[in-house]
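These protein sequence lines map, in sequence, to chains A and B. The first sequence maps to residues 358 to 786 in the numbering used here. The second sequence maps to residues 37 to 219 in the numbering used here.
Do not rely on the hints blindly, as some may be mistaken.
Under 7 Å between C-beta atoms, here's a sample of chain A residues computed to sit facing chain B [stated by the list, open to error]:
#1 633
#2 636
#3 656
FYI, nobody ran anything at the bench for these hints, they're computed from the structure. Note that the structure is a prediction, hence the values are computed from the model and not measured. C-beta atoms are modelled at their ideal positions from N, C-alpha and C, and glycine is treated no differently.
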Amino acid sequence: MTQFKDNDSDLQQVAGNGLLHRRLFLGRGAAMLGGLGLFSASASAQQGPLQIPQWMLEPGAHMSGYGQRSQYEEGVQRIVGGAPGVSGSGVSFTPLQNLHGTITPNSLHFERHHSGVPNINPEEHRLLIHGLVSRPLVFSMDDLMRYPTVTRIQFLECSGNSFNNMLPEAQQAPVGVLHGLMSCSEWTGVPLSILMDEAGVEPEGDWVLAEGADAAAMSRSIPMEKIMDDAIIALYQNGERLRPENGYPMRLFLPGWEGNMAVKWLRRLKVNRDPTMTRDETSHYTDVLLDGRARMFTYPMAVKSVITSPSTGLNLNSGPGIYEITGLAWSGAGRIRRVEVSADGGASWAEAAISGPALDKSFTRFRMAWRWNGGPATLKSRAIDETGAVQPTRDELVSIHGERSNYHNNSIQTWHVAENSGEVSNVYA
Amino acid sequence: MFMPKKLVIVLFVFATMPSNAQEGAGLGTPISQQNLAPWDISIQPNGDGLPPGSGSVEAGEAVYMQKCIACHGVEGSGGPYDQLVGGQGTLEQLQQVRTVGSFWPYASTIFDYIRRAMPFENPQSLTNDEVYALTAYLLFENGIIDEDDVMNSETLPEVEMPNEEGFILAYPTDKSMEEMNEI
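Using the sequences plus the hints, can you model the full thing?
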């Protein structure tokens, strides 16, 4: 285990404007930070006599069949948006500002529906595999539940995530509204390669149309290469059966690829020679370029990170002192190799500590100790994945797409911390 | 060539193992083309999947006035939801108007999408003739076909959309940021 000397060299500044060495968050470092009394608690106030609380003086509630969170946490909600007037076309955002760790609770998982959440009876639901196969097959839920499964902890990100940060003016909204069309869950399901082998894919079957059983019959074309590589029919999310809004009773899950392709309420897979060119892979989910053309089939979600605290609304209220900067990093290309943080607007960078293992195509939590001197600060994080890909700046993306492309915005988020007040705002800088 | 008996057996076992080492339970129920047809609603750009039937611009206008105009506006624009007509020539401008006429690369997608998803409150309620007619109407309003053209499984795949060349395929040959900068 790393040893620390009880002296100031451990609080060595490693980058501009007060960023401290990441070893403060490794091993005993955090304990030492506390021991040195450097966290800025309100040191002056005196605690009065401690009371015996009422909940210790009588037995608590009975056991329950399905758990609920504390009534004091009910304010933590998805932020619901959507097309006014028609039901079910729109989004709700994961409130990233209220969450920690890397797993998204099922009840707070973001939503994107094109025509509402269908109420599917699993006994009547069927999965059809047909097209260029030697044996068209139908599977019931009971059938699928008997196949071997795989379990992986992986992120799911809407390709429209962070679209707010492509608006001409930086929006002052919580980090969940700016970046909350993403989640990370433990997904359990049947490898699709097994079912495809059973149906017998013909040699020219290079594409698979995946279609949902919702009122939009939402559909996307998926390359057979991905289907046979690591695609699953997801049945469980964080240990329980999928929620209706996440595709109950089954959804497609394509690790690292844009969320829209992970077709929910999956009912049909048709093997084709060519892509179908559905509305949601032509009219939408294509990335407009400056010259007016658009990139199509931009599948992997590129390397990205975001500081979740401090962020809009999570201000530095207790004055100058030591704070934790924390956030999430992920990449559709694999593992996160490194996350760097800057407190001086990108003039200097320091490596953040990574909490836990950096899993493949999964959220990775990073942390950085920072001594805020009460002056203005501009915070950024920048992720680098195992392929060496580096998260771009907003300017770099705008130079390719203008401010018109709503999709695949993986650019660096910048937070400005105001002098003295410690109020945090979203800025383009 | 000399080969010990044991080795031959081992090789045989390996050769018959499925490639991904996980085997299915074989529980899928076979289904005939006829029985799966009610679900087989997708249309390929070359017209594969288009059903029998046909529709004229005039017939399409009549259905549009009844079932679409409230949400998509008079002649496909000015309604509360997606603009369906116009926008040609705007793709290079900062304010793009992306519609069926200005942006969509294939006419097959119009039929496919209207049949599966529209009208919004009653999807899959239109007859094939009505979908052909609505497709004809939207193509005509966008200046892509003539007023007396009729859409059916022969004519629809022949329609050339103005923006068909406006797309760059990122898969399977994804380009790096630098390459994108050079476009």
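**Message:** For each hint given before, does the structure comply? Return the numbers of the non-compliant ones in rising order.
**Reply:** Nothing - there is no hint that the structure violates, so all of them hold.
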